[in-house]
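Going line by line, the protein sequences match chains Y and Z.
Following this note's numbering from start to finish, the first sequence increments by one per residue and tops out at 399.
Following this note's numbering from start to finish, the second sequence increments by one per residue and tops out at 517.
Mixed in with the good hints there might be a few duds.
Estimated spans, in silico, between C-beta atoms of each pair [as the list claims (entries may be wrong)]: (1) Z:L462 - Y:T27: 55 to 63 Å; (2) Y:G66 - Z:L462: 41 to 49 Å; (3) Y:S260 - Z:N442: 47 to 55 Å.
Everything labelled a hint here was simulated from the structure, so no lab data went into it.
We put the beta carbon where it would ideally sit given N, CA and C, even for glycine.
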Amino acid sequence: MSLADDAKLLLIPTAYKSGKVYSVFPTNGDGDFDYTRSGDASRVNPGGFIETKGANIPRIDHTGGGCPSLLLESQRTNIQIRSEEFDNSAWTKVNSSITANNIIAPDGEMTGDKLTSTSATSTSYIYEQHSLSTSTTYSMSVFVKKGTSNLVQMDLQDFTSGLQGRIKFDLDTETISNVVGTGGVDNYGNGWYRLKCTFTTSATLGTHYVRIFEFSTTSGASLYLFGAQIEIGDYCSSYIKTTTGQVTRFKDECINGGDSDLFNITEGTFFVDSYVYNSGSTTTIGLNDGSDSNKLLLLFQSYGTQVRVFSSGGVSSFLNLTFDQRNKIAVTFKENEYKFFINGALVGSDTIATVPTGMDRLNFSNRTNTANHFEGKVHDTRVYDRVLTEAEAIELTQV
Amino acid sequence: MVKKYEFPNESKADEYIRDLGVAKDEDGNEYPTHKNAIVKLGNIVVTPGQYDEEGNEIKAPILSNKYSVDVFWRDSVRPIDPETEEEGSLPLDAWTDYEIVLDNEGVHSFYGVKYIQE
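If we strip away everything but chain Y, and leave its shape as in the complex, we get (with noise of 0.2 Å):
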């Protein structure tokens, strides 16, 4: 028998229809959990290839390959217009041209533009102006792919305070350079990249512009462009297609997973398995009853490198946590014995404290479902009615 098997709660993200997402244990539906989304939102299908979903459609996302997980991110706003449409006047092509839907793109369709240089002596570049807001945390990304040229840059140039954000990436090496701000890249496959730049902006701007440079200095060098993307936050989100104007996707929600059959308990474990983003937010996973005198949480705290395991039974005990990875986290619980797993090590306890009462639902969000909502990817998560072994434990949470 696997740990899995004897869980109360196991969800691990796979099935799901309209409004719900189901749990593996239990089977008669009790542990499924409510899903709501206002409009519609992308995810990676399991083919590979990005498509929306439309409203209150949970979303398993397949990007990278391997297991889904269940994808739940904030409200976010695309502010580039046009935003797999390079060839449009919104975007100023200097000593370079562009030719639209000239390729498959990470969507699966022949969305994908070419750029292309037309000098020998210039970099060559598309921009776009924009007006950012002061001291704001920004992430723009770009889908790219190698065409005769393997050189890539996208930054955030102003002209009265300089470049705000910047990254640059060797299709051919993999290689990620001249960093301004945080960067880093995705494989989409079929040859696709994603850069992902997070920058925050001076305390006084001018003009400025988004820039996307083809670097070979090489008439007729060329890239391949899909899905430019400028958003106010601390990581890049899911893709959100722009036209003529900026497009706001709803931030997913997921709550109300069991009953008190499940949690009403005097002993257990609760185990997470999730990629957490560090969204400069504190985020939330947690069993609750409702009300604010009996809870167990996770709380992914806004600076980014500590969760709060939390129990108001009197544990509020803050473990050292690497965000943007995954990680997998285990809260074993009695009376006097609380132990804490990150990652297959026991990295903390608290023998003073009492076991919640009358917990009867689990929230990816705060008790009442409006803050705190979690940010990441959902791998897998569990509550058991005993307390794990410390071997157990660490089995669990083993990466």
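Starting from the known structure of chain Y, fit chain Z onto it as the hints suggest.
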């Protein structure tokens, strides 16, 4: 239901947004207690600027002197008193003075939700 608003300035917009309700979480951070989706668009560009080939500004863009906000109101079904059959009020009623009506989607939309109802 999507509605669009123009406030005289950002602080007036913030005042109305705050009046929809706020509370504090376990860490003392303030959060809204309502579930409407609010997007602060700010002073939007009315007339785009002009720039030369190197990106230098020839003519500055003209910004609206109004502060624009788009709202997706989740609670837009007006309650009806079962006895009097009179319609009750909604939070969006308090915003009516600043509402604008467009004949197109404007500079911003919500993903998968139309402002113009066909």
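Hints, verified against the model:
1. Evaluation of the 55 to 63 Å hint for L462 of chain Z and T27 of chain Y yields a pass: the beta carbon distance comes to about 58 Å.
2. The beta-carbon spacing between G66 of chain Y and L462 of chain Z, approximately 47 Å, falls within the hinted interval of 41 to 49 Å.
3. One distance hint, 47 to 55 Å for the beta-carbon pair S260 of chain Y and N442 of chain Z, holds here, with the actual separation near 51 Å.
The structure meets every hint from the earlier list without exception.
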